[in-house]
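K.L.:
Work the whole structure out from these sequences, hints included.
Chains as they are written, first to last, in this note's numbering: chain X, -13 to 209; chain C, -13 to 209; chain B, -13 to 209; chain R, -13 to 209; chain Z, -13 to 209; chain U, -13 to 209; chain P, -13 to 209; chain V, -13 to 209.
Hints listed in this document are in silico derivations from the structure and should not be mistaken for laboratory results. Every residue gets a Cβ at the ideal spot worked out from N, C-alpha and C, and that includes glycine. Don't take every hint at face value.
Stated by the list, open to error - Below, a sample of chain Z positions facing chain P; criterion: calculated Cβ distance under 10 Å: (1) GLU41; (2) PRO129; (3) LEU148; (4) MET172; (5) ALA180; (6) TYR192; (7) ALA206.
Claimed, not checked - What follows is a list of derived Cβ distance ranges for each label pair: (8) ARG126/Z x LEU(-3)/C: 22 to 28 Å; (9) ALA24/Z x GLU41/B: 39 to 45 Å; (10) ALA24/B x VAL40/Z: 42 to 48 Å; (11) GLY203/V x ALA72/U: 46 to 52 Å; (12) GLU12/C x LEU59/R: 30 to 36 Å; (13) ALA120/B x ASP39/U: 30 to 36 Å; (14) ALA49/R x TRP116/V: 36 to 42 Å; (15) ALA206/V x ARG126/B: 54 to 60 Å; (16) ARG126/B x GLY73/V: 43 to 49 Å; (17) ALA45/R x GLU12/C: 50 to 56 Å; (18) ARG53/U x GLY203/V: 53 to 59 Å.
Now for the letters of each chain:
Number of protein chains: 8
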Amino acid sequence: MSTSGAITLDLERRARIGIEEAVLCEGKTPEQVADILARADEAGRSLLLTRLDVEKRDALPAALAERINYEALSRTGVFGTVAAPAGAARVTIVSAGTSDQPVSREAARTLAYHGHAAEEIGDVGVAGLWRLMARLDEIRAFPIVIVAAGMDAALPSVVGGLVPGLVIAVPTSTGYGIAEGGATAMRAMLASCAPGVAVVNIDNGYGAACAALRALGLLAPED
Amino acid sequence: MSTSGAITLDLERRARIGIEEAVLCEGKTPEQVADILARADEAGRSLLLTRLDVEKRDALPAALAERINYEALSRTGVFGTVAAPAGAARVTIVSAGTSDQPVSREAARTLAYHGHAAEEIGDVGVAGLWRLMARLDEIRAFPIVIVAAGMDAALPSVVGGLVPGLVIAVPTSTGYGIAEGGATAMRAMLASCAPGVAVVNIDNGYGAACAALRALGLLAPED
Amino acid sequence: MSTSGAITLDLERRARIGIEEAVLCEGKTPEQVADILARADEAGRSLLLTRLDVEKRDALPAALAERINYEALSRTGVFGTVAAPAGAARVTIVSAGTSDQPVSREAARTLAYHGHAAEEIGDVGVAGLWRLMARLDEIRAFPIVIVAAGMDAALPSVVGGLVPGLVIAVPTSTGYGIAEGGATAMRAMLASCAPGVAVVNIDNGYGAACAALRALGLLAPED
Amino acid sequence: MSTSGAITLDLERRARIGIEEAVLCEGKTPEQVADILARADEAGRSLLLTRLDVEKRDALPAALAERINYEALSRTGVFGTVAAPAGAARVTIVSAGTSDQPVSREAARTLAYHGHAAEEIGDVGVAGLWRLMARLDEIRAFPIVIVAAGMDAALPSVVGGLVPGLVIAVPTSTGYGIAEGGATAMRAMLASCAPGVAVVNIDNGYGAACAALRALGLLAPED
Amino acid sequence: MSTSGAITLDLERRARIGIEEAVLCEGKTPEQVADILARADEAGRSLLLTRLDVEKRDALPAALAERINYEALSRTGVFGTVAAPAGAARVTIVSAGTSDQPVSREAARTLAYHGHAAEEIGDVGVAGLWRLMARLDEIRAFPIVIVAAGMDAALPSVVGGLVPGLVIAVPTSTGYGIAEGGATAMRAMLASCAPGVAVVNIDNGYGAACAALRALGLLAPED
Amino acid sequence: MSTSGAITLDLERRARIGIEEAVLCEGKTPEQVADILARADEAGRSLLLTRLDVEKRDALPAALAERINYEALSRTGVFGTVAAPAGAARVTIVSAGTSDQPVSREAARTLAYHGHAAEEIGDVGVAGLWRLMARLDEIRAFPIVIVAAGMDAALPSVVGGLVPGLVIAVPTSTGYGIAEGGATAMRAMLASCAPGVAVVNIDNGYGAACAALRALGLLAPED
Amino acid sequence: MSTSGAITLDLERRARIGIEEAVLCEGKTPEQVADILARADEAGRSLLLTRLDVEKRDALPAALAERINYEALSRTGVFGTVAAPAGAARVTIVSAGTSDQPVSREAARTLAYHGHAAEEIGDVGVAGLWRLMARLDEIRAFPIVIVAAGMDAALPSVVGGLVPGLVIAVPTSTGYGIAEGGATAMRAMLASCAPGVAVVNIDNGYGAACAALRALGLLAPED
Amino acid sequence: MSTSGAITLDLERRARIGIEEAVLCEGKTPEQVADILARADEAGRSLLLTRLDVEKRDALPAALAERINYEALSRTGVFGTVAAPAGAARVTIVSAGTSDQPVSREAARTLAYHGHAAEEIGDVGVAGLWRLMARLDEIRAFPIVIVAAGMDAALPSVVGGLVPGLVIAVPTSTGYGIAEGGATAMRAMLASCAPGVAVVNIDNGYGAACAALRALGLLAPED
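P.N.:
Below, the structure written as structure tokens:
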């Protein structure tokens, strides 16, 4: 048996669609991740790493691991050097509870990797509606709103009925029993009574940020 | 083969648990429904009929059909004579949209059959949150609140976070696609972020009313 | 039992979030639809009607029905008068096959109702990839791309990997067996390997258009 | 990226709906739980902690951990000081088997935290019906009955047909195979042939107790 | 294309396993059913027909249809002549409610077709437990007990805990919403807390009877 | 709104992959089907039509309908003229019961449309294993074996363990209850204990035939 | 809060239904299991323990653990002394592969605990049909046949079509992917094309044996 | 209880269907695997081992373990000696991403064990369509194409529309959330819009290779 070219980085992705390829580390061995990093290093490229557990990070060769800017809550890493975001945030990431913060943070880290600031607004779940209402004017001011919520995911429906901006909902695996690892939140978001709520995969903060990146391309540069 | 006693009415149910037996007409032939009515007639009893389609009602012997007080939206019928509810309503039935009204009405009809008035408050879904807020004080005044909603069922979570009374949530089959005939609403209600929301089966206005009947027994007579 | 205010139109929705309330006619009786139309008429408002079967349209009072601009393929109606869209289309609606056209059309009708032109590009499913490739430059020129597909829903993944604009994917119920009324297409879209594909409910052309309306708000007026 | 106010306690929840906010520790890091406890400490508040594994409890700073009254079977903790329940129990928690006791205990601990005594009646599953019958008069005397059961969840249907009080059913994850982590019990409870059985999420002893707290508010103070 | 021998009756099935082949008419065209009857007629055999709607029966050639002993409730037909059952019933078919009777009857008809009497005991669902208790001694006297129930299917668990005989549970599609066409009843039966309850497919009265036929072979002839 | 080129036939498909495009008529209006036929007619092409109900066929313009060679059992039509298959059959289509014949026939019709004969062998389900054994030598002689079965789909596992040829399994929607429209058969086929059984969608006789067409390309012309 | 009588052994179960109560150890803490054993010891009773992992066995007090006759493959234990089975086996337990042996053994151990011998016949899956055929006469000689199989579970359908005895099918969790922990096997067994196959829960060797115990009661003592 | 012949190797399988029996090590204890190896050793046979974790391999007796040619990525082992593949590869295994390589490798190892070379072509997922297009001519040259993909599994649809060879699709468990362990990929493949794509179980590289082995038998020896 012969094997040819196991790794083929999609280096032109940003030029083509405005989004860099990222590496989903879950489901890959440390050896596979290390190979990918080495390949990127040869090409002089930075890389965004998602779902990189501390254990897997620690299993990488030290020379590679130490060049990763790692954030534990979101399990994201940035390999190589990227410029810090400049300019005011045009995306807000609204989340329902403390358990939704890893997803919120993954979205924020993805946006930062692409040069965009984002404002995280946490702990505004609808069980205490006043918390959301207290920050509504702030949220309404953003043209792009990512909403992360688990369990019943009532938050994006309420937000979607109140703000005119693009609403990107990301279900989280918060909850137990019938919450079923985020499946109920995902279903509720797709069946939202608020018009025009768009949804990405469960716990996919990266994907929500990518949709936001596509939308940021619609804004005038100095919006 | 021999068949003994195909129909055995549970005539002591009200004495035992405070709720009359009702007849779920869906899944029964008109002949079976007619037999049950005849049996009740012999026993001098009234009966609540649920999910009785107009077509099935019309297929009953005229002598029986004309003694049914029928309401088309909820597909409920009352066979025999029952006294009108007396006293102020202590239950409100809050619903999200026009399509949830059949379920809301089934609950109201069931309560009325047992002698209790109820206040229906419709069209207060969270996509237009102001509609709910405008009536919040009114809703908060009821000790028992039934909430009927389909699609994402965000309404009971918002209500549950705002009112101190007993909240009984009934998912409806409103919606399409991933709403899946009410399954998503049911799941979201069970995973509600608002504490203490209790749930009954999809489209089960009758069951929600029965839970309310049990709770009405907790109230002092002149509450 | 008393019933208060069964219908409460959300007349300020457009001012609040830029989208008009629409009436989902499926699951409502002709009487309920007629009541809503009468209420809108009193308020001097137009209304978008979705999932209005020909049979239900014909069951409306003639005086109301004749004021509906009806389109059979998408089962949409516009009650009252709205201005025709002006300006160039900034949204394209790409669909995989002939059976996806009702959904594509519902999206186009919704956009038109809100004053926006859209370009429908049909029959470009990936089983004959050349059909998509032949029109790729055309599609890439739009800032907002709605993609409607059923069955395996491979189309939005391919499109999402090739175009930089906002991609809104709407699964359709096209297909049988394991296609399960669009559930497989919906799942595949949410699990898309292309980054940043945002998804709405099955057959929800209306919802896809509403997400596009939110995104259109991001564009400079003369983009 | 900036992050504002990651934790916002809903300190007015008891005043608003009669139920204190609780902290679901599952899905939170020890650091997040410690932050929440510190915040509560600053506000001079007690807190109920649910689904707190021994391991996570042990990972908290000792100064915080030692102020937690911990109960291992239910994995609940009470941070700070609360008064012991006074008065006779008006809620009973009936459970089917030994494996359902963690859920039963979580409900009892939640009620106690709010000042209400409860009577736990265990091991009365219907496979040995005499066990239930022997205690039926005792159970019937309570105005509020929580029923915890897994597997086929036949217990709440039998209880619901025999007692007039409010029946709150909580499915448990007891069982294997098609019991599917409590999903079958939950479904059976929602489809109960006994009228007016209200259901909460799987293993949600906390939620069942919260529904009971809402119902306790209906009772006259000296009922 | 050539087609050989589209119909091959399994005429030796009774000799092999004690059960005659039956014809499931659902999913077959009237032409296909007629062909099968003609083939049986040639072979001088009788046939049991299940799920034969009145419409399909009426669509058969009159010469064949009039030789069918048809029973509408169970939608079963017997083509040809079979001897009436002789001897006392050793199987009882217990069912929960009126809507379960078609399944109960299908089982009874299948047993009768094979020469065995059966006793149907209906309307003993557990919501009114006294109905079951009143007939318990009678049920306990049968060595083989078929239990048909829909919705939550609590009945076979209660029966299984009280009787020593072989318990064959057949879930029915009675109920709506989460009852899901009998899926919940089936799951609950398989997860029964009563030991040794054996289950067949939803609405499969025929299959329950076939399992009983296998068990009848275990009994001494004059048991 | 503008619509461009709603129908784009993939006329080069046969040259590219050896299979003609077919028209799935389910989910298309008669108008859409007629448009496609007219387009094919202009191009001088024949077309295979699948899932064409008699009602839809009759709703086509007579001038088009009469040019369709229609077969009712499989609901297939051939528009235009195609040569009859020549040469010996190298594909057999084995099916379990009479209800599986529509799927078997759809596969045979699809093969015939592409010029290949096929041998249908029906009614050999494993409940009467001797029926299969009696024809095993015949089946083993074919290099390509399509197996159609519903319910538990045990047939392809038994066949797959006995024959060396390529086994293509097509689940059918035969059965009720937990057979769930073919989902159980599909799952069982994919989990087959026989090695190398390949599976297509439920009721997809067309797809099974297409896989066989791909495999026929592997055979030497005079194999 | 007060807790009364957490453990109530059903000591009369054998007298009532011929089956001893068993203790499902999964989901119970070692402390709970030890309490139950102590209670049984006081009552002078033996106990069958199922799903008792080695780790949990080792966590029991040594004085109790050493009185358990433990079998690792089936994870069963017998606490106390029981007589060895006497007489010839009247039950056979047929299984498809090596991975199904734990379930087969659990059934055999349960039967032995109740005094009945059983014959285990393994590794006769249908992928190599000759293995089954070689032992068919042996299997046909048993009046009661338990069949354990995972994956596609074709084995009970083939057996059910060939033997006249009572067939009790127990799905196992053998397999991966779509085998879904035994769900596919369970579904296939319930949809079996062989008539009268009765099914128990996934991996429930105990339950299959209990059904066999009920059936053994039908046999004449010296059958 | 007695146990006869727990292990029965199907040594004639290759002669019967051209495929050797393989041992699925997952779900077997090390003792069971060792027994099987010893039995094969006695018979002088080699064996293919699949899903053999490093831990289980290390738990085997050293004398057996050292005779296993182990490959860690695919978790496959070959016990005994087999000849290296000879001749040019006639099968290619195309995969979407690095995480799909274990499945691709399992297929390649299975083919090699049976004497057939295979060409693995990785990292050609459709999110970067140019990667597939760059290698399309190469892929089109193979008569048999295995396609491994997870997540949305768009790759086999694109490939199936472009190549004329036999396409065997194997879904992988790559992805998270709604990817559901490969279930979404499997569903999408079965609902593929490309005609004649045949599917095997999730992560079943072994099964895909077995289907390819069946197809290789169709090719002339010197193709």
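K.L.:
Now tell me, hint by hint, if it's right for this structure.
P.N.:
Evaluation of the provided hints:
no.: 1; hint: GLU41; result: 25 Å, violated
no.: 2; hint: PRO129; result: 5 Å, holds
no.: 3; hint: LEU148; result: 7 Å, holds
no.: 4; hint: MET172; result: 7 Å, holds
no.: 5; hint: ALA180; result: 8 Å, holds
no.: 6; hint: TYR192; result: 7 Å, holds
no.: 7; hint: ALA206; result: 5 Å, holds
no.: 8; hint: ARG126/Z x LEU(-3)/C: 22 to 28 Å; result: 26 Å, holds
no.: 9; hint: ALA24/Z x GLU41/B: 39 to 45 Å; result: 42 Å, holds
no.: 10; hint: ALA24/B x VAL40/Z: 42 to 48 Å; result: 44 Å, holds
no.: 11; hint: GLY203/V x ALA72/U: 46 to 52 Å; result: 24 Å, violated
no.: 12; hint: GLU12/C x LEU59/R: 30 to 36 Å; result: 43 Å, violated
no.: 13; hint: ALA120/B x ASP39/U: 30 to 36 Å; result: 33 Å, holds
no.: 14; hint: ALA49/R x TRP116/V: 36 to 42 Å; result: 59 Å, violated
no.: 15; hint: ALA206/V x ARG126/B: 54 to 60 Å; result: 46 Å, violated
no.: 16; hint: ARG126/B x GLY73/V: 43 to 49 Å; result: 45 Å, holds
no.: 17; hint: ALA45/R x GLU12/C: 50 to 56 Å; result: 54 Å, holds
no.: 18; hint: ARG53/U x GLY203/V: 53 to 59 Å; result: 41 Å, violated
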